[in-house]
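Novice: In case you want the letters, here they are:
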Amino acid sequence: MKKTLFDKIWESHLVEERSDDSALIYIDRHLIHEVTSPQAFEGLRTMKRKVRRPDLTLAVADHNVPTEGRVDGIKDEIARIQVETLEKNVKEFEIPYLPLLDPRQGIVHVVGPEQGFTLPGCTIVCGDSHTSTHGAFGALAFGIGTSEVEHVFATQTLMQKKPKTMLLKVEGSLSVGITSKDLALGVIKKLGTSGGTGYILEYSGKQISNLSMEARMTLCNMSIEAGARAALIAPDEKTVLYLKDKPLAPKGDLLKEAKKSWASLFSDEMANYDMKLSINASTIEPHVTWGTSPEDVISINDCIPNPEDAKNDIKKKAMQDSLKYMGLVSGQKLTDIAIDKVFIGSCTNSRIEDLREAALVVEGKKVSAKVHAMVVPGSGLIKLQAEKEGLAQVFIDAGFDWREPGCSMCLGMNPDQLKPKERCASTSNRNFRGRQGRDGRTHLLSPGMAAGAAVAGHFIDITKS
Amino acid sequence: MKPFVKITGIVAFLPEINIDTDAIIPKQFLKTIEKTGLGKYLFYDKRFDVEGKLNSDFVLNKEPWNKAEIIVAGDNFGCGSSREHAPWALLDFGIKCVISTSFADIFYNNSFKNGLLPIVVDKNCLDDLSKFARLGENISVDLEAQTIIVNSFIFNFAIDLYRKHCLIKGLDDVGITLEKSNLIDIYENKIKDKSWVIPDFQNIKL
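If you're matching them up, the sequences are chains A and B in order.
Residue 49 in the numbering used here is what sits at position 49 of the first sequence, and the numbering runs on without skipping anything.
Residue 584 in the numbering used here is what sits at position 119 of the second sequence, and the numbering runs on without skipping anything.
Treat the hints loosely; a few may be bogus.
Unchecked claim - Straight-line alpha carbon distances no greater than 30 Å define the calculated DSS-like cross-link-like pairs of lysine-lysine that follow:
1) B:K532 / A:K315
2) A:K161 / B:K670
3) B:K588 / A:K48
4) B:K588 / A:K164
5) A:K161 / B:K532
6) B:K561 / A:K88
7) A:K48 / B:K532
8) B:K634 / A:K164
9) A:K164 / B:K645
In case anyone wonders, no lab produced these hints; they're calculated from the structure.
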């Protein structure tokens, strides 16, 4: 029987199979943060239950932490209570925790791989939809709700309906200056925001092998925006190379054993998928979203689309509403649209390669006088690395704000928010209404494109300059 | 968890697709450490203007839909963030059932864990229900019989039998799994030789 990578991971984690295609599966890794865990801990306390495997759990606060003046504590009292609640809970239940002032603190999906907590072949969950990020390592990783967080705490398992599998073969090569963010947006454009619902999305093809681990993380991260339950990329030499020096990854003989086990993590030739698609990477252009759904993707050289061209009335109405919210008119050239803010950060694009890509564009230039731009590194370690490499100075010299790590303006739970009608070029993952601040207008794009927009004051095609 | 058996109530129609969980409950209300009290913030940016005044055009602010117990909405309801605050806010407002042509996975799962019934129907059924919703009609949802009844119309819906069973009985998932802890012990015993899988926290100073 030929198996997909997903089948192999699923089958090796079965605790109990049920007749209706669902199963109790074992969870190897549980990442937690301050926003989706307090009610789960409270549930444990109410029922006098314990955390079964604190040694497979890692906690970090990221969602509502401030990105400046951190040593003075969190000023927003409700946010502070939430972070303190996490600190109290990890102490009570003896869960490893990276404190706010620790240089290893950062966005949970950046920290997991960086610490080697994320490993191939593992099942990884977190009360956060962007857990799909860890699929870049060939781990079955998906977001869960707080009730499921509580379930994993108490049992280290989850009852799951077996998902369907989709293979997305990426043919051809990305052109120079085109990144995995552009590819990710291209995939969402193709699938739509619900095209992946119920599926595990496996990426394969030469272009995927050519992507760095960080670029793979960006691609897997955004697969949830196409509705996919999780994303998967088979581990290879690059995966091992990335992990081998990471603190929590296996070392010595254990690494040898692990590598033996990881070597079987690929989809067999002729394995059966519920759906197969292909996308030609060479056709991918620098992408920017124009609307309020991540599927509202156009190329930088396109014009804002016309609702009259929508495929049905529901979509037409949605497009009209989006244009109104975004303050845009169909036919407008994307490159003519001025921006107010630039946000380089989030679990999608805040890693060192993202910062290098952005710094390359801004080096020796200045942020437009009309624009406020900020860089929020994904972790304290990335921040230190960027400072060591001189990237931080490039950003600061150009007029960027250089901040402390966290989720920041990706979802604006902390003070980093858009004001009404402010237009933002953002390297994050969601352009939903109000996501970055009430009535704020978000355009998703790659770090290089965001940096280009910061300098120009409007969207530009960085591959042409 | 409160069991879901049968309800009869007013239906509010939200004529939009891709209603995301950020819209259902905006981020500023996620700082709570409780599950309760979120109903007043449900669809906050739609229900209230920038100054916090009630937006009288929004369906959940209008009679009789301000007492709605059922929501009918377009495709891909609950997409985006995994926040379980979305079903908590819906339930706290008084919504017990959401009917759509499709749901995002995590929201769908989260709903069942809290006694909120998500029902998937086809496009024609959704169109019919939206008409009844606009008329302010009462609709009955019978989970046992898997039917939606309005006037003399009956629509059937499909649902996973295990989820149905748990919802009708109001069963606690964690409790059910803990009864099988011997199976978890057996699994953990089986993977004992796979020691590379255990992270060595000695390697990082905490």
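Novice: The structure should be examined with respect to each hint, and the outcome stated for every one.
Specialist: Against the structure, the hints come out as follows:
1. Straight-line distance between C-alpha atoms of K532 of chain B and K315 of chain A comes to about 29 Å, which keeps the hinted pair within the 30 Å bound.
2. Between K161 of chain A and K670 of chain B the alpha-carbon distance is near 38 Å, which puts this suggested pair outside the 30 Å criterion.
3. The suggested pairing of K588 of chain B with K48 of chain A is violated, with an alpha-carbon distance near 46 Å, which exceeds 30 Å.
4. The straight-line distance between the Cα atoms of K588 of chain B and K164 of chain A is roughly 23 Å, inside the 30 Å bound, and the hint therefore holds.
5. For the given pair, K161 of chain A sits about 34 Å from K532 of chain B by alpha-carbon distance, which is inconsistent with the 30 Å threshold.
6. A C-alpha spacing of about 34 Å is found between K561 of chain B and K88 of chain A, which places the hinted pair above 30 Å, so the restraint is violated.
7. Restraint check: the Cα-Cα separation between K48 of chain A and K532 of chain B comes to about 37 Å, which exceeds 30 Å; the hinted pair is violated.
8. A threshold of 30 Å between alpha carbons decides the hint, and for K634 of chain B with K164 of chain A the separation of about 29 Å falls inside it, so the pair holds.
9. This hinted pair checks out: K164 of chain A and K645 of chain B have alpha carbons roughly 26 Å apart, not beyond 30 Å.
Violated hints, listed in ascending order, are 2, 3, 5, 6, 7; each of the other numbered hints is respected by the structure.
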